[in-house]
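Q: Working from the sequences, and respecting the hints, build out all of it.
Sequence lines, in order, name chains D and S.
The first sequence lines up with residues 1 to 115 when you count with our numbering.
The second sequence lines up with residues 116 to 226 when you count with our numbering.
Derived by calculation from the structure, the hints in this document are not laboratory data.
Please note that the accuracy of each hint is not assured.
To be verified - Stretches of chain D that chain S covers, calculated by requiring three or more beta carbons in the stretch to come under 8 Å of a beta carbon on chain S:
id, stretch
1, 44-58
2, 101-115
Unchecked claim - Ranges between beta-carbon positions, derived for each pair:
id, chain 1, residue 1, chain 2, residue 2, range
3, S, Y125, D, F66, 32 to 38 Å
4, D, S5, S, T197, 21 to 27 Å
5, D, T103, S, K172, 25 to 31 Å
6, D, G72, S, S223, 37 to 43 Å
7, D, R64, S, Q173, 38 to 44 Å
These numbers come from a predicted model, not from an experiment.
No residue lacks a Cβ here, since even glycine has one placed at the ideal position from N, Cα and C.
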Amino acid sequence: GAGVSQTPSNKVTEKGKYVELRCDPISGHTALYWYRQSLGQGPEFLIYFQGTGAADDSGLPNDRFFAVRPEGSVSTLKIQRTERGDSAVYLCASSSLGGGTDTQYFGPGTRLTVL
Amino acid sequence: GQQVMQIPQYQHVQEGEDFTTYCNSSTTLSNIQWYKQRPGGHPVFLIQLVKSGEVKKQKRLTFQFGEAKKNSSLHITATQTTDVGTYFCAGVYNQGGKLIFGQGTELSVKP
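A: Here's what the structure looks like:
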């Protein structure tokens with residue numbers, strides 16, 4: 001596709017439920033990043049994939065959060081036992097090679113609301 | 116630690132006035148990137164600064180990277196209503212690509 005796409009655009013769930021958020025990176029991009037953004041704040045890093053492997057998962061807040069990228073393209077962010085504090089916009093970004101000087105292109109985000 | 120502080124949080128200007136936002140890190144950065152986020156939108160890459168003391172310009176926007184690679188600024192000359200949005204700096208501390216974002220400066224421009 002022309003840009004990074006994310007589905008769903010909005011997700012409302014109840015406390016304690018399980019959710020999956022999907023990211024489709026720009027075709028051919030080997031690096032994929034997940035961030036989350038709370039209202040009035042800058043995006044907060046969660047995890048970075050280089051190909052199929054998680055190169056840096058230091059931003060995942062706890063073991064309820066997990067992400068996969070099995071074929072090195074689409075990625076899924078999984079959140080178990082959701083809590084109200086998980087409510088935020090979850091942003092995905094991709095870059096062609098990864099690394100500190102590579103431009104990251106962001107998707108439109110998934111707005112997660114936990115009731 | 117890896118933290119980027121950005122000020123001010125909000126800036127309200129009259130169209131035609133200048134605008135500046137500042138970012139500071141307590142430790143040396145590998146590089147710093149700037150993004151713009153329109154209301155309801157996602158961050159859009161503006162520019163990257165890599166070298167100590169680097170200055171880059173994009174039309175009315177001037178970006179600077181400090182000599183010690185710990186601070187940066189974005190200056191907009193003669194703001195226009197199209198400049199409205201939140202401007203974020205994002206620091207990179209190593210070659211891994213993880214971006215550490217500042218809190219952002221929300222710019223509003225009164226016509």
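Q: Determine for every hint whether it applies to the structure shown.
A: Now for the hints, and whether the structure bears them out:
Judged by the Cβ-Cβ criterion of 8 Å, the stretch 44-58 of chain D is covered by chain S as claimed, because 6 of its residues qualify and three suffice. Judged by the Cβ-Cβ criterion of 8 Å, the stretch 101-115 of chain D is covered by chain S as claimed, because 9 of its residues qualify and three suffice. Between Y125(S) and F66(D) the CB atoms are about 36 Å apart, so this pair conforms to the stated range of 32 to 38 Å. The hinted range of 21 to 27 Å is satisfied by S5(D) and T197(S), whose Cβ atoms lie roughly 26 Å apart.
In this structure the hint that T103(D) and K172(S) lie 25 to 31 Å apart at CB is violated, the actual value being about 18 Å. Between G72(D) and S223(S), the C-beta spacing of about 42 Å keeps the proposed range 37 to 43 Å intact. Taking the beta carbon of each, R64(D) and Q173(S) are about 41 Å apart, inside 38 to 44 Å as hinted.
Checked against the numbered hints given earlier, the structure breaks only hint 5 and satisfies all the rest.
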